[in-house]
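Residues 1 to 648 (the UniProt record's numbering) are what the sequence shown spells out, left to right.
These are computed hints drawn from the structure, not numbers from a lab.
Please note: incorrect hints may appear among the correct ones.
[Claimed, not checked] Here are the simulated lysine-lysine pairs, BS3-like style, with alpha carbons at most 25 Å apart: (1) 639 x 487; (2) 487 x 433; (3) 510 x 433.
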Amino acid sequence: MALSRRRGTLEPLSSSGFNQRQSMGMPSRGVSRTSLGPNFDKVSKPQGRASLHPSSSSSSFSSTTASSSLRNSNGPPRKSSTGLRKSTAYGSHVRQDPRPNTDKGYIQASIRGLINYLTDHNYDQPFSAKILQRPTAKDFTYIVSFLFRQVDGNFRITGKLEDEVLAFFKAMRYPFAISKASMQAVGTMHTWPTLLASITWMVELLTYDEEVQNDAANQAALAGSGSGCGSVDDFERADEKALFEYLGKAYKAFLDGDDDLYAQLEDSLVGSFETRCGEMQAQCQALETKIEDMRTEMAACHTRHAALPGLQQRHSDYLSDLGKFRSLIEQLTAHREGLAAKVEKREEELASLYRSLEDVRGEVGELKAVVAAQELSPEDVARMQQERARLDEALDKAREHKVKMHKTLWEAEIEVSRAVVDLETAAQTFNTKAAALNLIPITARNSNGIQYEMVVSKGAVSASAEPEELIGLDMKGLIRPSLAQIKNVMLDKVHEARTSVLKMLDEEAKTEEEVAEAVGELETLEGKVKKQEEGYKAEKARMEASMAEKSSNVDAVEEQVLHLRSKVLVDLETRTGRNHQRLAQLEAELGLEREEHEQASKAISESIMGALHALADHKEEVKRRLEEFREQCLQKRDKLLSLPEPMQ
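Model the full structure from these sequences, guided by the hints.
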C-alpha cells in the first residue's frame, strides 16, 4: 500500500530539559560532580520561531490542518500514519508574543494600518485615530465583526462576544493566547495593545490573501492573453511561482514515496522553463528589431538637429519682431483713434463752413443782381478790380497761414503723443514701485485705504486739462503727504530694527560667554570623571589583588589539610573540623569582600554614569539654547531684509 511506503517527517524532541537548572550547591558524598560541558544525552531539538500566519500553505482560510499527537521516544521515530506535521501555531505551552505590543510607535503604526484597511474596504461605521486609541466594546465588536465578515460573509455574533471572538481566532490558528478578561475591558491600557496586535495580525492575513488572489488573477490573465509579451518582472514572478509549486508537489511526492510523479514533475518543470526560454528569446529578437528602428530614427533626428540653431534664431527674431509690430500696432491704433476724432471735428467744421458758404453764395447772388441792376462807371470798375486783387492776395495769405497752422498743429499733436507715452511709462514705473511697497491695491497692507494706482486717461488730454484729471490722483494734496508719512514710519521701523539687532548682538555675546563658561565646566567635570575612573581602576586592582591573596590562602589551607591528613592520624578529626571552620570563615570573608567589591564597583559606576548623564543633559541644553538663539537671529535678519528700502 501507498501508506506503507510513506517516509516519516522529522519530529521535535522533548523540550523539558531546557527548563532544568543545575544546582549551585556542594555535591553530596558519593555523587560525581556535574560536568560543565553539554549533556549530549539530554539535549533536545530547539523549537523554531512561532509563525504569525496559518500553517497551511493555501491562501484560502476555510481549510484546517489536523495535528496528530506524536509520542517522544529515545529510539528512532515511528512512521506517521497520517503524514501530517504538527502545527506550529498551538503547542503544549503558551507562546510569548515577540512583537513590541506595548511600544507606542508600534501601536500608532498598527492603528494607521487598521485605518487604511478599513478605509480601503468601505467600513460602514464611524472611526478615527482618536477612537482607536481607547475604543469601546461596541467599536471593538463592529471592527472584529467587519474583519470576520471578510473571511466569512455570513458571520454574525449570536452569543457572547468573548466566546465568539476567541473561537474565531482559534479557528484562524492565531498563535498567541487571548484572555476573556481582556474582552470585558477593551479600551484599557493593559488590554487594548494585546487586542490591537490580534486585529493587526488579522489585517495582515487578509491583506496577504488579497495579494495572493490578485497575483493569481494577474497570472491567469497573462496566461489567458497568449500574447507572450509580458515584462521581465512578469516572467520572473511566473518562474518563481512555478518553482514554488514544483517544490511543494515534489516534496509531497517525496513524502509519499511516489518517484514516478516526482520524475513527471521534474520533466514538466524543465519543459515549462524551455517554453519560457523560447518565448523570451522571441521577445528579445523583437526588442532588438525595435531598438534598431529606434536607432535609425535617432540618427535621422540628429541629422535634423544640425539645422535647429538657425531655426531657433529665426524663431527668436520672429518673436522679437512680432512684439515690436504689436507695440507699433497699438501705437498706430491709438493714433488712428485720435485722427478719427480730429476728422469728426474737422467734418463738423467743414459742414459749418459749407453752410457759411451757402449763405455767402446767396449774398453774392443778391449782390450780383444788385450790381447787374446798377449802372457802373469806369472808375467803379477799376475800383472793384483793385478790391478783387486785394481780396485775392488776402486769400492767398490766409491759405499760407492755414498751412502753417496745420503743420504747427500736427507737430503739437506729435509732442502731446510723446508726452502721453512718457507719462504712461512713468505711471507704470510708479505703480510697480507702489506694488513692491504694498501700496497697491487699495486693500494692500500699507495703503491705509488710499488709492495709489496711477491710470493715465487719454481722453482727458487737452490744453486746459489739470494733472489730477490726466492721472486720476491728487499728487500735491493727497499722494505726496501720504508717501511722506509712510516714509517717516518706515524710517522709525528701520531705526527700531537696528536697535533690536544691536540688542540681539549683545545677547549673542553674553550667550557666547555663557557657552565658554559651560565648556569650561564641562572640561572640569570630564577631569573629575577621569579621576574617578582612575580611582575606580585602582580600587578594582586592589580588590583583585585581595581576592588573589584570599584564593592563595585557601589553597595553602587545602595543602595544609592534605599534609596533616597524611602525617597526623590521631588529631585528624579535630584538625579537620578546625580546618573546615577556617575554610568556611575564609569563604565567608571572601564572599563579604566580593560583595563589598561589587557594591563599590556599582556605586562608582552609578556615580560615573550620573556625571556623564548630567554632562550630556547640560550639553544638550546648551546646544538647544544656541539653536533657539540662532533661529531668533535668522528670523530677525530675514525680517530686516524683507523691509523695503526707505524712499528718498
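Consistency of the hints with the structure:
1. 639 x 487: 18 Å, holds
2. 487 x 433: Status holds; Cα separation ~14 Å.
3. 510 x 433: Distance ~41 Å between residue 510 and residue 433 Cα, so the pair is violated.
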